[in-house]
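Engineer: Read top to bottom, the protein sequences are chains A and B.
Going by this note's numbering, the first sequence opens with residue 4, and the numbers climb by one from there.
Going by this note's numbering, the second sequence opens with residue 4, and the numbers climb by one from there.
Since the hints were made in silico from the structure, they are not lab data.
Mixed in with the good hints, there may be bad ones.
Identical chains blur together in the list; that is why a pair holds if it fits in one copy or across any two.
Straight-line Cα separation of at most 30 Å, DSBU-like style, residue types lysine-lysine; simulated pairs [claimed, not checked]:
1) Lys351 <-> Lys316
2) Lys140 <-> Lys263
3) Lys351 <-> Lys324
4) Lys263 <-> Lys355
5) Lys77 <-> Lys241
6) Lys112 <-> Lys168
7) Lys84 <-> Lys187
8) Lys77 <-> Lys316
Being a predicted model, the structure only gives us computed values, none of them experimental.
Number of protein chains: 2
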Amino acid sequence: MPQHSGSHLYGLILAGGRGTRFWPRSRRANAKQVLNFFGERSLIQQTVDRLKAVIPPEQIWVLTNDHLRAEIVKQLPEVPKVQIIAEPAQRNTAPAITLAAEIIQAQDKDAVMGVFPSDHVIGKPREYSKLLRPAFKSARQGSIVVLGIAPRWAETGYGYIEFPKNAPAGAVPITRFREKPDAKTAAKFVAAGNFYWNAGMFFFRTSVLLDAMRTFQPKTAGLLASLPKFGSRGFSSKLQETFPQCENISIDYAVLERAKNVVGLAAGDIGWNDVGSWNAVHELHQRDPRGNNVRGLTLIEDSDGNYVDAGGKLVALLGVKDLIIVDTPDALLIAGRSRAQEVGDLVKRLEKEGRHHLL
Amino acid sequence: MPQHSGSHLYGLILAGGRGTRFWPRSRRANAKQVLNFFGERSLIQQTVDRLKAVIPPEQIWVLTNDHLRAEIVKQLPEVPKVQIIAEPAQRNTAPAITLAAEIIQAQDKDAVMGVFPSDHVIGKPREYSKLLRPAFKSARQGSIVVLGIAPRWAETGYGYIEFPKNAPAGAVPITRFREKPDAKTAAKFVAAGNFYWNAGMFFFRTSVLLDAMRTFQPKTAGLLASLPKFGSRGFSSKLQETFPQCENISIDYAVLERAKNVVGLAAGDIGWNDVGSWNAVHELHQRDPRGNNVRGLTLIEDSDGNYVDAGGKLVALLGVKDLIIVDTPDALLIAGRSRAQEVGDLVKRLEKEGRHHLL
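Construct the entire structure; sequences and hints are all you get.
Structural biologist: And the structure:
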């Protein structure tokens, strides 16, 4: 019996990441996507808020991990609890998306699904929601649709999608995907005008995605097709057994870069940002005239360009510059802003040193 | 009835200071002198430990304030509780020393008293204790003795005592006191060889000090001479009334710079340091090969010259240099090491802004 509400549009939010670059605020059970860097809603709550404009919340699914599931269930009361699923193992995006597609396809053979990261920000949600309908429409017609974001600077940390030169508006077959470029190549991409940031948002009929997986990743496709009906008595234990056997591969490598029916939908500036580090959080916030951004009480003397996140504690800055300062009850980070990308490496060191209570 | 133990040597420890430059670790009820920057004993405990070599602990007196008295009583179980007195008001050193001299003189007319700061360190306590006997001896003979410390660098933050050129060893009449010099003058002092740091340690017969006070500060001397017997029923309330009427003046201005019978006793290097700021604490500690000093757990990556005091919390440093980082449950300080002297100004700002719970 299909449970859908008449709409055939489904959303899958991928929320299994750890976001270690946001340590010590982010922890296994409090990863980046459930933190509220911006306003009162967490990044995953903001993701659902945006999708609700187009997708009924009871047709939103979330894939996450065991550490995070309880917190996400708490944060997303409008999403049915059974649809917030903990992956039994980390197997990258292809198995996760295929699992969701299998379950949804069984309930609604006409399902069209969008896949969304849970830990990005979109500064212009209205512009964004205007893109969702054409994206779903093109997907309903059988394409695999990828969203391309007009680049605002020559970012080397994102992948790019190459569109045909002088492509018309709307969904068009893409030329190819491009890996994260070096600075020189990134500058060329931006100057050329037909390269767009790959924001990790995809749209497809679940039947189309499952076909593609059967073609390109028959092992993983077969394993997940063999699961009992979702919600049945045997589902959960069989998933625990089967999922870890799936190939550890991204949907990009598994399907998007190989399928023939991939189209791109170019978006203008929707204020998208993947919030890759504390430095990005600092840049996305309002700052005082000397470039300091502070959450909480402070006493600032002759200090510039600092980001401070310290809960309710008073933080006094005296003659310091371009620091990231993040205080939690059991760990305090002081980092140069230019070193924000390396915070994840600190977490690796903690892991190696066996300080698991701080992870 | 005199309570002394046969020895006529008494110690007065001045412990009324706030040490605001050690905020946020130092607070009104936890000032610098009761903190343990070095080892397990606080600065005032180390002061008593040093004096015990020469002065019976039951002949040690402490003057402090209401905020600190309870903590000092707890920290100094060997000092009789009644001898740890809270001054009813801050009136600088002359009234405090005169008060103690009055009380002790009434109990022992042959008393010889040494006055000691409570918040300094002495790195070579054995060398130091060798100085105490000649200092007391010269004081017993009627002089007011000041200790001079051979300068180890051209410090501008200390006062100096000018000795006669080519003075013999032992106590000699001093030429004069010199205020904190500028850098050029300090360099000259050190080069000259007959200038010594004034460490704020004085020795005198209580009768001699009281005579001098009567001569130079008759108002304050008279007020304090009029108090009822120490320990009697009326003493405490009369002290509350009288002490605030005393002149607000240091013993240096009131007596030392004016009396004729002042002699200096020159000490070599006794490892004396007045621990004037967090930077001094940093310099007095052992540091790792990159100049970091850390109390507690850390994770340090590419960072140099930092001082970290954060209780039991893990502190992660990533690409930061020459910072003072002091974390407490309700306040966190991040300051450039070169700005350590200005920490006291932050406390003034807090006071001005009415954030009294952080003082």
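Engineer: When no copy is named, should Lys77 and Lys316 be tagged within, between, both, or neither for a Cα gap of at most 30 Å?
Structural biologist: both (26 Å within a copy, 29 Å between copies)
Engineer: Taking 30 Å as the upper bound on the Cα-Cα distance, should Lys140 and Lys263 be classified as within, between, both, or neither?
Structural biologist: within (18 Å within a copy, 101 Å between copies)
Engineer: Can you tell me if Lys351 and Lys324 fall within 30 Å by alpha carbon in one copy, between copies, both or neither?
Structural biologist: both (26 Å within a copy, 22 Å between copies)
Engineer: When no copy is named, should Lys77 and Lys241 be tagged within, between, both, or neither for a Cα gap of at most 30 Å?
Structural biologist: Intra 26 Å, inter 64 Å, cutoff 30 Å: intra-copy only.
Engineer: Checking Lys84 and Lys187: alpha-carbon separation at most 30 Å within a copy, between copies, both or neither?
Structural biologist: Answer is neither: 47 Å inside a copy and 75 Å across each miss the 30 Å cutoff.
Engineer: When no copy is specified for Lys112 and Lys168, does a C-alpha distance of 30 Å or less occur within a copy, between copies, both, or neither?
Structural biologist: Close neither inside one copy (36 Å) nor across copies (104 Å); limit 30 Å.
Engineer: Is it within, between, both, or neither for Lys263 and Lys355, if the alpha carbons may be no more than 30 Å apart?
Structural biologist: The answer is neither: 43 Å in one copy and 70 Å across copies each exceed 30 Å.
Engineer: When no copy is named, should Lys351 and Lys316 be tagged within, between, both, or neither for a Cα gap of at most 30 Å?
Structural biologist: both (28 Å within a copy, 18 Å between copies)
Hint compliance for this structure: hints 4, 6 and 7 are broken, all remaining hints hold.
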